[in-house]
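> Going line by line, the protein sequences match chains A and B. 160 is the number that numbering that gives the first Met the number 0 gives to position 161 of the first sequence; each next residue is one higher, with no gaps. 142 is the number that numbering that gives the first Met the number 0 gives to position 143 of the second sequence; each next residue is one higher, with no gaps.
Among the hints, erroneous ones may be present.
[As the list claims (entries may be wrong)] Keeping only pairs whose Cα atoms sit at most 25 Å apart, straight-line, the calculated DSS-like set for lysine-lysine is:
#1 B:Lys336 <-> A:Lys168
#2 A:Lys209 <-> A:Lys325
#3 A:Lys336 <-> B:Lys168
In case anyone wonders, no lab produced these hints; they're calculated from the structure.
There are 2 protein chains.
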Amino acid sequence: MSFFDITHKDNRSSARVGVIRTDHGDIETPVFMPVGTQATVKALTPEDLLDLGAEIILNNTYHLYLRPGTGVIESFGGVHGFQHWSRPILTDSGGFQVFSLGLGKLTKQRKVKHDLLAESLAEFTVEEVALKNPKILAKVDEDGVTFRSHLDGSTHRFTPEISLEIQHKLGADIILAFDECVPYPSNRKYALESLERTHNWAKRSLETHKLNKNQPYKQFVFGIVQGSVYPDLRAKSARFIGGLGFDGFCIGGVSVGEPKSEMYKAIESSVPFLDACKPRHLLGVGDIDDIFEAIERGVDMFDCVSPTRLGRNGSLYHSQASRASKFRVNILGEGYKTQTDPLDPECSCYTCANYSAAYLSHLYRADELLAYRLGSLHNVHFIVNLVKKIRQSILNGDFPLLKQKWLS
Amino acid sequence: MSFFDITHKDNRSSARVGVIRTDHGDIETPVFMPVGTQATVKALTPEDLLDLGAEIILNNTYHLYLRPGTGVIESFGGVHGFQHWSRPILTDSGGFQVFSLGLGKLTKQRKVKHDLLAESLAEFTVEEVALKNPKILAKVDEDGVTFRSHLDGSTHRFTPEISLEIQHKLGADIILAFDECVPYPSNRKYALESLERTHNWAKRSLETHKLNKNQPYKQFVFGIVQGSVYPDLRAKSARFIGGLGFDGFCIGGVSVGEPKSEMYKAIESSVPFLDACKPRHLLGVGDIDDIFEAIERGVDMFDCVSPTRLGRNGSLYHSQASRASKFRVNILGEGYKTQTDPLDPECSCYTCANYSAAYLSHLYRADELLAYRLGSLHNVHFIVNLVKKIRQSILNGDFPLLKQKWLS
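Just need the whole structure built from these sequences, with the hints factored in.
Encoded structure:
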């Protein structure tokens, strides 16, 4: 039995249906994985996730390394035992968080060009940088990244070797190479420099992974394609990463503020150079239109915090909502105050099966904790099961029809 | 079949075991009912509550009247349908909230004697009072209470008739007479004046209840004994309320800051004058020592927000914790950070059955919503099931032994 089998291919697009096999169970692709940043998918229990059909979840290495700490999780035999989730788990490498909580965040907040900033930082140590600007939390060099904890300001360092070693201890089924995620916009020069670094780190990540012989179950490692919005850099990256012998691939550095058309181009520029027999994960993407477009272009796996984050804000997916409203409604809308029907009568989730829109609206207005639980559950159920419906449509040969129905 | 049957009496105390029968199911007494102030027991679903053994919950009339409004709940046929809970529900009369959010709150915050304050307010309208002091939200007169909403400052009025009519619309199985809850301390003169008012209101509440013929199922109404910490006033109140023909009785105005010994005296002064064949509810009490002492003195029913409130704060009940620590531990304690065992290995709740103390501690440290859910569930499970154990101990004839084991 191989790690990944493609069981069906769409005739008219690059969409495909497959199965990923891990020691913690199988995953039917395409798949959407809810994000449990701190070893918990916010407001939900593992039982909630199983009930709504989740097959795999994602944990963030950066967060778990800082709190509760790798050692605590190791004492449970890894992330599965720690969080009472016995199905597959994927950990990221920590790279994205280091940058998004560091330079990326600053770039976004101050509209500073990342590359210029990086250049100006080159001559200082991370402590000096921190002293000059306490909002800057990360500093990259060729060997790795030094960063300060967003929790207590303490200084830490990730290299490809360190990231992989942490991920070996965390023990997820799928782990990722350590990469630099460049923010949008990044100029071509910086994107290229960063890409060379990411490629170097990918090799070192894979080498470190090969040295790990102690795992009681198999960990698969994915390489990450970068290259910002430059199609030739994406192609170059896919060719390089695709040739290293990873078990699968991520397309990273997307959904960082670029136009959607650029994201789709980045996928198109990468996919042709990635071994078609290995799974492809589009990192951090969860918008419904993006999911359709990416699956059509050959993507198998998705993760995103948006269903839970939107759920906590009362922005809830709805089968009758328009594309213009991003397929969502605001539960705080006046009309829901008195709606005795469920929020979405077509939805089969626990929330819609058992509660009225009026009750849900009441919980949000009253700031009741149950609101966040019911709203998150609905949203995660919606996206996980939409991807299952897409999977079925590929099997049925009517994926283009389903896509048209949603996106037209 | 009668509303309440006593099935067993303790030989050596006033403790008793019984069954309350409602159209939404039976309740085995003694019983602890979790509080769902805003039609939700904070952070828990009805299924969570059923799983942990809850037999009845309490909703607050004041809160539901203000939000979502009586009309919304009426459109669901009442509180059961609104909140997806088909088992028994009790609503309070709104009196306690009106006062605790009004004069009581002010008394507590400023250490002003309630009676003096009330006297000085007598000459002003509620709007004038509000203008003079925006923190004062309620003003009592012989006919009822005018109060301002804590949500938007709008002015409202509760009388016994209005409270009962709202409770008829809310449709709980057990509803309460409208009363004035005097704060602690209140001098004897004010306590007596207030008591006469409460007694007058009790009669009017009962008369209003008798007029209600439209309920599709039976609502039972309880009278409330007041009298502050004055044993003769408690006795007077119990005699009066006990003679009016209520289906059961509440002992109110306790746990408002008085010493525990005063609370126990208030129970002792009331119980002998209340029809022994009717159930007795001690309002707002949830401390473990108080539950034992009250059951010993003939109390059948309890409600309190403390298990959920403490749960959200990480103060969790523990079978090995001492009476001095109120039978609780702080999950943020350093030792829990690495404890791979459950918080309380003797506990059979969902939280202790499935998660380690280290994971729970991590969730609290990370401010994760799941922390409040798991902690609340554990605490409510603990108290609900402790009262079930007490019930069993009365049946077994070893209630004194169990009490001694806990309280010595």
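> All hints are to be evaluated individually against the structure, with a verdict given for each.
Against the structure, the hints:
| no. | hint | in the structure |
| --- | --- | --- |
| 1 | B:Lys336 <-> A:Lys168 | holds (18 Å) |
| 2 | A:Lys209 <-> A:Lys325 | violated (43 Å) |
| 3 | A:Lys336 <-> B:Lys168 | holds (18 Å) |
Against the hints set out earlier in the document, a violation occurs for number 2 only.
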